[in-house]
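S.K.: Respectively, the protein sequence lines represent chains A and B. Residues 9 to 494 in the numbering used here are what the first sequence spells out, letter by letter. Residues 10 to 485 in the numbering used here are what the second sequence spells out, letter by letter.
None of these hints come from the bench; they were simulated from the model. Only a predicted model underlies this, so the values are computations on that prediction, with no experimental measurement involved. Check each hint, because a few of them may be wrong.
[Said to hold, decoys possible] Chain B regions said to be covered by chain A (calculated; three or more residues, Cβ under 8 Å): (1) 22-30; (2) 402-413; (3) 471-477.
Note that beta-carbon positions come from the ideal geometry of N, C-alpha and C, so glycine has one too.
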Amino acid sequence: MNLLAVILFLLGAGVVAGIAERINANAPRLVSLAAFVIGLAWTGMTWLGGPDAMGLYGHTEFDWIPRFGISVILSMDGLSMMMVTLTMFLGIIAVVSSWDEIEEGRGFFQFNILWVMAGVVGVFTALDLFLFFFFWEVMLIPMYFLIAIWGHENKAYAAMKFFLFTQISGLLMLFAILVLVYLNYQSSGVITFAYADLLEADLDPSVAYWLMLGFFVAFATKLPSVPVHTWLPDAHTQAPTAGSVILAGILLKTGAYGLIRFAVELFPQASIEFGFIAMLLGVVSILYGGVMAYSQSDFKRLVAYSSIAHMGFILIGVYAFNEIGMQGAIITMVAHGFSTAALFMMAGAIQHRLHTREMSKMGGLWVRAPRMGVMTLFFVVASVGMPGLGNFIGEFLALLGAFGANVPLTVAAAVGIVVAAVYGLSLMQRSFQGTPNPDVATMQDFGVREMTVMVLMMVALVWVGVYPQPVLDMSTPFIQSMEALR
Amino acid sequence: MTADQITALMPFFVLAGGITLQLLVIAFMRSHSVAAIFTAIVFVAALAFVPGAASVGTVVIHDVVTIDGYALFFFVLFGIAALATILLCYRYWEERVDYREEFYILLATAVLGACSTAAASHFVTLLISLEVLSISLYAMIAYPQSGRPPLEAAAKYLILSGAATSTMLFGIALIFMASGHMDFAPVGSVAGNDAVYAAVGQGMLLMGIFFKLSLVPFHMWTPDVYQGAPAPVAGFVATASKAAVFAALMRYTVDAGLLETESIAFIIVLVGVISMVIGNLLALLQTNLKRLLAYSSIAHLGYLLIALVVAAELGATSIGVEAALVYLAGYFAMTLAAFGVMSVLSGADGDLEDLSEYDGLFWERPVIASVLAAAALSLAGIPLTVGFIAKFYLFAAGAENAQWVLLWALVVGSAIGVYYYLRIVFLMTKKPDTESTLPTAAPAGLVAVVVLGLAIVVLGIAPAPVVDLVQSLGGP
């Protein structure tokens with residue numbers, strides 16, 4: 009099917025959801041859910057249908073602004089396929105996780121969710137740099153609205169910070185894109201933004217290094233990596249549950265995807281030179297994120313900091329420049345999408361019930377809500393990196409890859425896994441175990457709706473953890489074609 | 010006059026004839042609706058002659074006026090801005106003043122002045138057109154009978170703009186003395202003592218023009234005038250008057266090789282950079298939407314200087330001119346939309362200009378708020394809006410000519426700008442705590458605002474038609 013149609017379908021569903029509110033207050037979430045289920049069904053069928061001779065699951069191409077050689081090029085290879093599937097799946101989770109949470113402006117809320125996801129699908133499939141940047145920004149504004157309108161007590165600050173970090177780093181990327189196109193125009197005489205053409209661009213190594221940095225800053229901010237991570241704890245903590253699920257589950261992955269697809273692929277030589285610094289940043293993110301997570305008293309903020317740590321593994325995996333490391337990074341992207349989405353959903357559910365995120369006001373919740381306890385335990389253990397679950401495979405492969413590139417940094421990163429166990433178990437201990445908090449007399453346990461999506465994510469994590477080969481196979485063709493790994 | 014010349018001038022004739030008829034119409038029948046509709050018909054009729062005028066190609070009339078695709082592009086822009094202004098100000102005047110009909114004559118003369126400024130290729134035409142435009146604007150700004158702010162703004166504009174015009178005039182005299190030319194001829198060949206006179210003359214001319222464009226450091230009047238002017242008029246001042254002066258500056262720069270004098274090239278780059286930075290920094294501090302838009306317009310005119318420099322370096326048919334035209338088209342849509350929203354939401358007791366009054370607009374007036382949000386995001390240069398395409402065009406133009414200093418200023422300015430434009434959007438999304446006291450929007454104003462909002466988005470997604478058009482114009 010036409011890939012543009014998929015994006016337009018999500019955008020259109022957003023408009024329908026926005027209007028549907030006038031008919032019935034509950035209609036928007038149903039429209040939104042239906043849209044993501046249809047989207048997931050479509051990706052599932054396309055996946056099963058297998059790739060074409062070029063290894064693509066879909067390709068759409070036509071002129072957009074011919075004056076600047078800008079085209080709409082949407083293309084889905086295995087890596088994109090995987091990320092789009094994850095997007096659709098997490099769309100369902102996001103809608104379900106905020107099923108009862110939103111009281112006002114429900115139509116506009118679902119509108120924003122669908123538009124973010126449309127932008128994300130665009131980012132994962134665009135192979136024209138202008139179009140890519142376009143979608144990069146499309147997903148930004150609805151996300152801003154999600155935080156600014158439906159966020160918690162400090163939403164204004166968090167939303168603004170999120171927007172400014174992403175926007176300003178995005179401007180740097182735009183600058184880099186335009187300079188790249190211009191230099192390519194000078195050497196080849198053709199103005200083009202097409203990814204495939206720019207891969208061939210003949211660049212002076214020192215210029216390439218600066219351009220690579222422009223891309224790297226934008227993607228590292230989104231990822232996020234230390235030192236441009238400070239927007240994340242605020243944005244995640246203040247966002248409504250669906251917003252946190254989308255942010256952690258999928259928006260951070262656009263940064264990782266961008267690094268792999270664009271920063272490294274367009275500037276292989278410069279990236280290799282930069283590899284040590286990037287790995288160092290990754291290690292610092294792992295350790296810093298872990299220590300900071302441990303020192304939080306806010307359930308959601310703890311999970312947010314843990315995301316920074318997990319994203320560090322992606323950095324060291326990608327910048328190890330070998331197939332194993334790259335595979336590890338990609339598996340981490342997928343597994344972290346599930347485990348963190350689940351933990352944020354849990355944080356949202358607890359806040360919805362207790363009206364607090366402070367772990368000091370929790371304690372012994374297991375007694376009150378055993379099903380929530382079991383689920384939290386499962387996903388905490390997954391995120392800590394228990395063998396048999398997806399995150400373990402990802403982080404193990406990333407470390408294995410990094411070991412081939414730089415042993416001391418890998419050792420330091422491996423310490424991060426110990427830190428993860430400390431903050432993970434401390435989260436579990438402080439919220440669900442220990443003496444039951446007398447202030448929390450009752451707490452409604454998960455119902456069928458919540459359990460269904462939780463179980464779906466459990467299955468996904470177990471599948472990636474026990475039998476990751478299908479996922480590995482999906483990304484292998486792209487990884488093996490990567491210039492930087494040769 | 011040849012037939013071609015008449016065809017080329019037809020839009021101008023229609024407009025001028027329309028103004029005369031209008032005087033008669035008002036003399037015989039004093040009716041607000043008749044005056045407004047008649048003026049709208051005059052503009053539409055004038056615009057209808059534009060394709061015919063375009064079909065005869067570039068026509069130069071006695072060296073004083075050049076009707077080419079470039080001039081006609083501005084004619085269309087000004088015509089559309091005037092139509093939008095009519096729709097926006099109808100109810101506005103209905104509620105505020107007793108004698109409303111003459112305003113439309115002033116609007117038409119202002120447009121005539123603006124259009125001929127864009128077509129001027131001689132200092133005499135330039136000055137006369139500019140004065141026709143400016144004098145109409147003074148009266149338009151001071152039009153409300155009651156209240157001091159409009160009068161204050163008009164007086165301020167009158168005095169300062171008069172000073173700027175005399176500076177320009179002195180500059181022109183010096184240029185004429187040095188080169189013997191009143192048309193936009195190159196003065197690069199002037200040597201010796203005369204070269205100094207020519208350079209000083211050009212500097213003074215530029216000073217006057219920078220004042221009219223409100224570029225730093227000649228920007229002080231802008232926020233006060235915008236704030237005092239009635240909202241629909243402020244929108245017209247922000248767009249048409251600036252674009253007319255910019256059009257003339259561009260034509261002069263290209264024809265006279267202005268940037269060949271190194272010191273002048275340096276001044277233009279410097280003014281551009283500080284306008285972008287200072288305009289955006291000062292806009293950060295504003296709590297009044299009109300003042301905010303005034304400072305942001307300073308920055309936007311600074312961005313436009315990038316296109317000017319590129320056009321001067323690469324020539325009349327280069328990407329520089331294209332970028333300027335696309336940028337101005339986008340700037341018209343977003344600025345008029347922002348002032349339009351302000352106009353339709355303003356009650357009889359004063360303009361809705363304090364930013365805090367926009368709290369919660371999304372929940373009370375979703376359609377109007379969406380237009381203002383689109384305008385703000387477009388001014389910030391966020392994709393999906395024409396502002397992004399326009400800024401991208403400037404960027405591409407700057408990159409092609411390797412104007413890295415200006416481009417860095419553009420990036421820094423845009424980064425600062427995002428913050429205060431976004432704040433407008435954010436305020437509108439807040440939950441309102443009191444019941445709305447906003448007046449219901451007039452249907453005509455609402456139509457104008459929605460069309461402008463749609464233009465922002467449609468041109469942002471499918472800019473190819475405008476890009477093709479601008480590319481086919483061929484420059485000044």
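S.K.: Against each hint, give a clear statement of whether it holds in the structure.
M.R.: Hint check results:
1. 22-30: This one is violated; 0 residues, fewer than the three required, reach chain A with a Cβ under 8 Å.
2. 402-413: Coverage by chain A holds for the region 402-413 of chain B (4 residues, Cβ < 8 Å).
3. 471-477: holds (count 4)
Consistency with the previously given hints fails for number 1 only.
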